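Trainee: Guided by the hints, dock chain B onto chain A, whose structure is given.
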Amino acid sequence: MAGLMEWLTGQKPKSADQAKDRLKLVLINDRTDLTPAEMDELKNELLAVISKYIPIDPGGVHIAMSQEGREHRLLADIPLKPAKPAARKR
Amino acid sequence: MAATVITVTSGKGGVGKTTTTANLAVALASGGKKVVCIDGDIGLRNLDVVLGLENRIVYDLVDVVEGRCRLRQAMIRDKRMPELYLIPAAQTRDKNAVSPSDMVRVCDDLRQEFDWILIDSPAGIERGFRNAIAPADVAVVVTNPEVSAVRDADRIIGLIEAEEKGPARLIINRLNPAMVKRGDMLSSDDVLELLAVELIGIVPEDENVVISTNRGQPVALDGKTRAGEAYQNIARRLSGEKVPFLNLDEKEGFLQRIARMMRAGGD
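So the sequence lines, in the order shown, correspond to chains A and B. Residue 54 in this note's numbering is what sits at position 54 of the first sequence, and the numbering runs on without skipping anything. Just so we're on the same page, this note's numbering is the position in the second sequence counted from 1, plus 1000.
Extracted from the complex, chain B is given alone in its bound form:
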């Protein structure tokens, strides 16, 4: 086995990087693959709570890097899945406790044993991002259809290209089809036109994401919700399958509007 390292990043905070990492990890692992995810957000760890594994942490990434434990001791196995592991971040240290070459070394040690290594990047464009992107084979950029998130995504895509980790793949998260329909939210086509990168997934806004995160049970554990299905589809696309995009964001054109007005007038 030789793992593919996927780094999930965004520039802006709060767009859903950790949720995306957790759900992609679960979706990839539910297909029977061996998956390990690494929380790259040292000092502000969260991948553990999103995955519902917070009570099982003994050692963390910084312990591994500083030689206080073996790599295997810091790997928490998710018992809901055949082969899903988490390496948590340290909570009481900062980003400088780990270097880009540390991350490359840790991933190289894991590559032989896993199919997928997912790294949850912290927000920002400094050390934490450099750490997370250093071992990446594939860079996944998460954005929301919203001006500040798109702008920061563009910045981070430029940095990914500069680090020769491109082409970046884009996930548009929290798209609200009703708002897109009435022209109050950027559509996925708008975002793609602006950022000019390859789209790998659209995740609709779905309150099940909050509910499942409350419970520590990522939505992708069952593909019955819209967001869960979207994450499952992204995992399949990452695995090389051709999966059509769910059609969520048809813009209402002039003719459709006339048709709708005529229907309304007929009532």
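The shape of chain A in the complex, shown without the other chains:
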């Protein structure tokens, strides 16, 4: 898709867009005082805690920081597996 866009628009990724994407991540790290490694650790522990109680679908997990103004929000979208798949069997 990126390749197609590049072909369509005849443009390499703009350096300004790269600057913006990099800054988004850096500013989240700076503002939360959380390194990317700590963020990964947080995600893993969060998933470990939740899966202790409910089975989750690890492939569909999406955890990210969102920004509204200068406020941040940790958004976690964690799909659950059906609680008792065995009960559905006839």
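By construction, these hints were calculated from the structure, which means they are not laboratory data. Treat the numbers as computed from the prediction; the structure is a model and nothing was measured. The C-beta atom is built at its ideal place from N, Cα and C for all residues, glycine as well. Mixed in with the good hints, there may be bad ones.
Unchecked claim - Using 27 angstroms as the maximum straight-line C-alpha spacing, the simulated DSSO-like pairs for lysine-lysine come out as follows:
hint: 1; chain 1: A; residue 1: LYS43; chain 2: A; residue 2: LYS24
hint: 2; chain 1: B; residue 1: LYS1242; chain 2: A; residue 2: LYS14
hint: 3; chain 1: B; residue 1: LYS1012; chain 2: A; residue 2: LYS14
hint: 4; chain 1: B; residue 1: LYS1165; chain 2: B; residue 2: LYS1033
hint: 5; chain 1: A; residue 1: LYS14; chain 2: A; residue 2: LYS24
hint: 6; chain 1: B; residue 1: LYS1165; chain 2: B; residue 2: LYS1242
hint: 7; chain 1: B; residue 1: LYS1224; chain 2: B; residue 2: LYS1033
hint: 8; chain 1: B; residue 1: LYS1181; chain 2: A; residue 2: LYS24
hint: 9; chain 1: B; residue 1: LYS1224; chain 2: B; residue 2: LYS1181
hint: 10; chain 1: A; residue 1: LYS24; chain 2: B; residue 2: LYS1165
hint: 11; chain 1: B; residue 1: LYS1079; chain 2: B; residue 2: LYS1181
hint: 12; chain 1: A; residue 1: LYS12; chain 2: B; residue 2: LYS1181
hint: 13; chain 1: A; residue 1: LYS81; chain 2: A; residue 2: LYS52
hint: 14; chain 1: A; residue 1: LYS24; chain 2: A; residue 2: LYS12
hint: 15; chain 1: B; residue 1: LYS1181; chain 2: B; residue 2: LYS1034
hint: 16; chain 1: B; residue 1: LYS1034; chain 2: B; residue 2: LYS1079
hint: 17; chain 1: A; residue 1: LYS24; chain 2: B; residue 2: LYS1012
hint: 18; chain 1: B; residue 1: LYS1012; chain 2: B; residue 2: LYS1079
hint: 19; chain 1: A; residue 1: LYS43; chain 2: A; residue 2: LYS81
hint: 20; chain 1: B; residue 1: LYS1012; chain 2: B; residue 2: LYS1165
hint: 21; chain 1: B; residue 1: LYS1034; chain 2: B; residue 2: LYS1242
hint: 22; chain 1: A; residue 1: LYS20; chain 2: B; residue 2: LYS1034
hint: 23; chain 1: B; residue 1: LYS1033; chain 2: B; residue 2: LYS1181
hint: 24; chain 1: B; residue 1: LYS1012; chain 2: A; residue 2: LYS20
To be verified - Taking CB as the label site, the calculated pair distances span:
hint: 25; chain 1: A; residue 1: LEU75; chain 2: B; residue 2: CYS1069; range: 52 to 62 angstroms
hint: 26; chain 1: B; residue 1: GLY1014; chain 2: A; residue 2: PRO82; range: 58 to 68 angstroms
hint: 27; chain 1: A; residue 1: LEU25; chain 2: B; residue 2: LEU1199; range: 20 to 30 angstroms
hint: 28; chain 1: A; residue 1: VAL49; chain 2: B; residue 2: LEU1044; range: 50 to 60 angstroms
hint: 29; chain 1: B; residue 1: ASN1214; chain 2: A; residue 2: ASP30; range: 32 to 42 angstroms
hint: 30; chain 1: A; residue 1: LEU74; chain 2: B; residue 2: GLY1223; range: 39 to 49 angstroms
hint: 31; chain 1: A; residue 1: LEU74; chain 2: B; residue 2: ARG1080; range: 17 to 27 angstroms
hint: 32; chain 1: A; residue 1: LEU75; chain 2: B; residue 2: ASN1055; range: 54 to 64 angstroms
Mentor: Showing chain B alone in chain A's frame:
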């Protein structure tokens, strides 16, 4: 009269704090207001040379704080303007020669006599910044559309909020519209989206700034250059006027690009 104290700061050095302070001071004073600017960069003073007043220094801010002269004796009057004064920084001392409460006291002494007090903050987030921000009514953050400057601006905006001096107002300095257009420089919209603060001015990159600084004649002395006009506009916005932003940084979208290619193909 009760002055508004504006502190100009940035975190990162070299983004144009001193140039901004000098030009805002000139622009505000040219509107007939009484303005005093204070160089908060003790040990590395520069507001004097940017304003072209370096040969007239007798006393400085540290002399005032340490009681070697009266406040009025350290105020250098800029003869090009009806009412513009500079209180220079000491050159042979360091930031610890002045405390935040000293700055509050000096500004309180000046408030009755002036409309505007502008403080040029040093780079960094330590004592010099704390001194400069302590008396502020309005905090102006200067940044460049460039990763390190934006990152440091974000840090300083956080500190300004923590000191309850917010909301910070942002000046994007040295924006190069041609580079923005070809996607090689952050646009003002990009910077605003990242920093999420109120924009108070965009100053385009303009070689007249270097030329005028060489001469000790701030560009805002005449509003004929693009940068000079931008500074005049910021001064008017600080005074509460609604002044539209100069449209400098239109990003070229997909359709514009197609249109441009078709035009090029037709030649």
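Trainee: Evaluate each hint against the coordinates.
Mentor: Each hint, compared with the structure:
no.: 1; hint: A:LYS43 - A:LYS24; result: holds, 19 angstroms
no.: 2; hint: B:LYS1242 - A:LYS14; result: violated, 34 angstroms
no.: 3; hint: B:LYS1012 - A:LYS14; result: holds, 25 angstroms
no.: 4; hint: B:LYS1165 - B:LYS1033; result: holds, 24 angstroms
no.: 5; hint: A:LYS14 - A:LYS24; result: holds, 16 angstroms
no.: 6; hint: B:LYS1165 - B:LYS1242; result: holds, 23 angstroms
no.: 7; hint: B:LYS1224 - B:LYS1033; result: holds, 21 angstroms
no.: 8; hint: B:LYS1181 - A:LYS24; result: holds, 21 angstroms
no.: 9; hint: B:LYS1224 - B:LYS1181; result: holds, 24 angstroms
no.: 10; hint: A:LYS24 - B:LYS1165; result: holds, 24 angstroms
no.: 11; hint: B:LYS1079 - B:LYS1181; result: violated, 41 angstroms
no.: 12; hint: A:LYS12 - B:LYS1181; result: holds, 14 angstroms
no.: 13; hint: A:LYS81 - A:LYS52; result: holds, 13 angstroms
no.: 14; hint: A:LYS24 - A:LYS12; result: holds, 20 angstroms
no.: 15; hint: B:LYS1181 - B:LYS1034; result: violated, 40 angstroms
no.: 16; hint: B:LYS1034 - B:LYS1079; result: holds, 13 angstroms
no.: 17; hint: A:LYS24 - B:LYS1012; result: holds, 18 angstroms
no.: 18; hint: B:LYS1012 - B:LYS1079; result: violated, 32 angstroms
no.: 19; hint: A:LYS43 - A:LYS81; result: holds, 18 angstroms
no.: 20; hint: B:LYS1012 - B:LYS1165; result: holds, 19 angstroms
no.: 21; hint: B:LYS1034 - B:LYS1242; result: holds, 21 angstroms
no.: 22; hint: A:LYS20 - B:LYS1034; result: violated, 40 angstroms
no.: 23; hint: B:LYS1033 - B:LYS1181; result: violated, 38 angstroms
no.: 24; hint: B:LYS1012 - A:LYS20; result: holds, 18 angstroms
no.: 25; hint: A:LEU75 - B:CYS1069: 52 to 62 angstroms; result: holds, 59 angstroms
no.: 26; hint: B:GLY1014 - A:PRO82: 58 to 68 angstroms; result: holds, 59 angstroms
no.: 27; hint: A:LEU25 - B:LEU1199: 20 to 30 angstroms; result: holds, 23 angstroms
no.: 28; hint: A:VAL49 - B:LEU1044: 50 to 60 angstroms; result: holds, 52 angstroms
no.: 29; hint: B:ASN1214 - A:ASP30: 32 to 42 angstroms; result: holds, 36 angstroms
no.: 30; hint: A:LEU74 - B:GLY1223: 39 to 49 angstroms; result: holds, 48 angstroms
no.: 31; hint: A:LEU74 - B:ARG1080: 17 to 27 angstroms; result: violated, 55 angstroms
no.: 32; hint: A:LEU75 - B:ASN1055: 54 to 64 angstroms; result: holds, 59 angstroms
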